[in-house]
Amino acid sequence: MGRLQIAASDAHEGTRTYAPRLGGTWFLRSRGYIRYVLREFSAVPIAVWMLWFLVEIARLKDGPKGYHPHMSPAFVVFSIVCLAFALWHSYTFLSFSGLIMRIPIGDRFVPANFVRGGAYTLLLVVSVLIGWLLVWGGAR
Amino acid sequence: MRRAGPDRVNALLWATFAQCAVITALIVPAHILVQGVLAPLGIVPAFDHKYSTFAAAIGNPLVKIYLLVLFATVFYTFGHRVRYLLTDLVHGYKPLFGAVGYGLAVIGIAAAAYILFTTP
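Protein chains in written order, with our numbering: chain A, 13 to 152; chain B, 8 to 127.
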């Protein structure tokens, strides 16, 4: 049975449940597992960065004299790390679109690569639009 | 023991995650790039780097709604992924990790709503 353990309580009920016992470092066994864990973990730095943004908004209550935007090198490094995780989330999640979205054309479907390319193009278009709005809002 | 039939709650949680994760994937990188990297380096201006422009933007109801949606999608994506990440790393506590993940998400969304709608 190797690492698989059969739950004893279930054996009495006529069903057997496999309860895999994996160590805390199971994901280090393969690059695929590491990429998977990094993908799941990417939500944490993204949320932390958004939490910082929320604190910035809350600091507006201090008034014009009490408000100082973060400009330090440490903040830039922190943002670059968060940006890397955000892009990893974008790349991995949008790459699913080719598998998930089945768009029919007659008796066939739009090729997965085409759907995936469309999702990446949408990311580019939305990023340019949001980026332009953020810059435009600061240039007024 | 769960009743036989489709697990509608779990399906709803996953469907919500799919929508939130797509919005996060499309919108968040631009915010981090402009506000967190390019503006602090002085390459471009950004709306949150001057009090006047930041306060004017946050005072707009449409911006408040947009940001609330953005915070909600990011925090929900965080809660859902934390639930499954912890379940994968430490086995046997799935309900607890669900409560932790979704609980943090609810707290984050409530805090965002409170801050956005009490900031003039």
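Hints listed in this document are in silico derivations from the structure and should not be mistaken for laboratory results. Check before you lean on any hint, since a few could be wrong.
To be verified - Simulated restraints on C-beta separations:
1. A:R43 <-> B:G110: 30 to 40 Å
2. A:L136 <-> B:G49: 43 to 53 Å
3. B:T23 <-> A:G129: 40 to 50 Å
4. A:D119 <-> B:A106: 39 to 49 Å
Nothing here was measured: the structure is a model prediction, and the numbers come from that model. Where is the CB? At the ideal position from N, CA and C, for every residue including glycine.
Supplied distance hint 39 to 49 Å, evaluated on CB atoms of D119 (chain A) and A106 (chain B): Cβ of D119 (chain A) to Cβ of A106 (chain B): about 47 Å, so the range 39 to 49 Å holds.
Beta-carbon spacing of L136 (chain A) to G49 (chain B) - inside the hinted bounds 43 to 53 Å or not: violated, 25 Å
Distance restraint evaluation - R43 (chain A), G110 (chain B), Cβ atoms, bounds 30 to 40 Å: holds, 33 Å
Distance restraint hint 40 to 50 Å, applied to the beta-carbon atoms of T23 (chain B) and G129 (chain A): Since the Cβ atoms of T23 (chain B) and G129 (chain A) sit about 26 Å apart, the hinted range of 40 to 50 Å is violated.
Hints 2, 3 from the earlier list are contradicted by this structure; the remaining hints agree with it.
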